[in-house]
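A.B. asks: Taken in order, these protein sequences are the chains called A and B. In terms of full-length UniProt numbering, the first sequence has 17 at position 17, counting the first letter as 1, and numbering is strictly consecutive. In terms of full-length UniProt numbering, the second sequence has 101 at position 101, counting the first letter as 1, and numbering is strictly consecutive.
Treat the hints as calculated values from the structure; they're not laboratory data. You can take every hint at face value.
Simulated pairs of lysine-lysine, BS3-like, Cα-Cα distance not exceeding 25 Å:
| # | chain 1 | residue 1 | chain 2 | residue 2 |
| --- | --- | --- | --- | --- |
| 1 | A | Lys73 | A | Lys105 |
| 2 | B | Lys62 | A | Lys95 |
| 3 | B | Lys111 | A | Lys77 |
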Amino acid sequence: MPIEVNGKTFETDEEGYLANINEWEPGVAEVMAKEDELELTSEHWDIINFLREYYEEYQIAPAVRVLTKAVSKKLGKDKGNSKYLYGLFPYGPGKQACRYAGLPKPTGCV
Amino acid sequence: MSNIKKFMYVNRRAPYGTIYAWESLEVVLIGAAFEQDVSLAFIDDGVYQLVKGQDTAGIGMKNFSPTYAALGDYEVTKIYVEKESLEERGLTLDDLQHLVWEDEDDDWAEKDSIRLVSCAELAQVFAEQEVMFNF
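Chain B with its partners taken away, still in its complex shape (with noise of 0.2 Å):
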């Protein structure tokens, strides 16, 4: 496909309590059929979606973050958490599942999808977007 235009889905809310988050992973998963040039950044309450250990038994939802997990497959290999909004929640990288994405012309070696990246720097990555989504 010679169209390839740069995707960008912006994930700002808390994983549960709102549809936003599985939404989201919805719509990427359905549009990496596409092929598109495919990113997601996980700003404000957004990056306690990609906490790692999360269990939604007390409230009867499907904890759905093993799915992120499966982005890799999908060939979905830039996910940008903000640094800032990590620190103003006390969190760190650890606290974050560790997703990896393999490269299929290295071997299949297993390679890092999280960028933490300060805000002016998402901006940046912001301004070269063709398409963005926010959820």
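In isolation and in its complexed conformation, chain A is listed as follows (with noise of 0.2 Å):
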């Protein structure tokens, strides 16, 4: 289902993953969030932008076990824990976060 933000239309996948990770802007993630009544803190944000930076370099989408460990070296011990990570996103780090980001879903997710 496509989706809006600021008056502009959003292409999305069955999941309701951006179709076009070029398109991403900011306000995407605040609105696929608002529709998960989940508020964006800046916590989500050092997620999010990590995400964006990992598929800048790498082209995929982080495993949940490599984006563990990857922001525990990172942001800290304390934000690089699983615990932490399905705190900010309940359904998931890998799916949710990703879908935020603009980014596909992580590879090997089901």
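From these two lone chains plus the hints, build me the complex, please.
C.D. replies: Have a look at this one:
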């Protein structure tokens, strides 16, 4: 279902992931979060931005295990654990955060 | 997990033109979740998959070569490249991406993932494997 952001329409796939990663803008994440009744804080944005940088560099969305380890290294051990990440993104840091970041679903994620 | 097997993914084809190279990489990334003892081998035209500075703009395909650099994050640290295949194509290690992994037990020291091996040495590595995938 396409989503509306600031008067612009963004195509998504059947699972709600953005069809074209290059179209992404921060408002996309805001609108998606609002649909999930989630308010994005700077802690959420740390992860969303991290995912976008990871994709930019490696052209893939990282598996949760890889994300956890990488976040731990970059943002500290208190943030690099699944309890913290699931606290931020209750539908799963891989699926939900990647969707907000405009990334495709992580490789190997069912 | 106690039941760890030695998995080897053999890559023999050039990166674009067929789907084999990308499929192999995807299977490796997905399979990494099972925490097996994974190795990759690049032989014949497969060595082209690791060549640095790839540009796919002209063929309208996604350049997935940056993804090889993520293999270290997925704990894939043994990447064998066959020496003879490189030489036959006029390539050296310097033409390939510098792939590394970070050793958590050694203060995140960066270590080389690529191991240049002769055909005979690779045959020995193959003999030690329990599961082989050919792409």
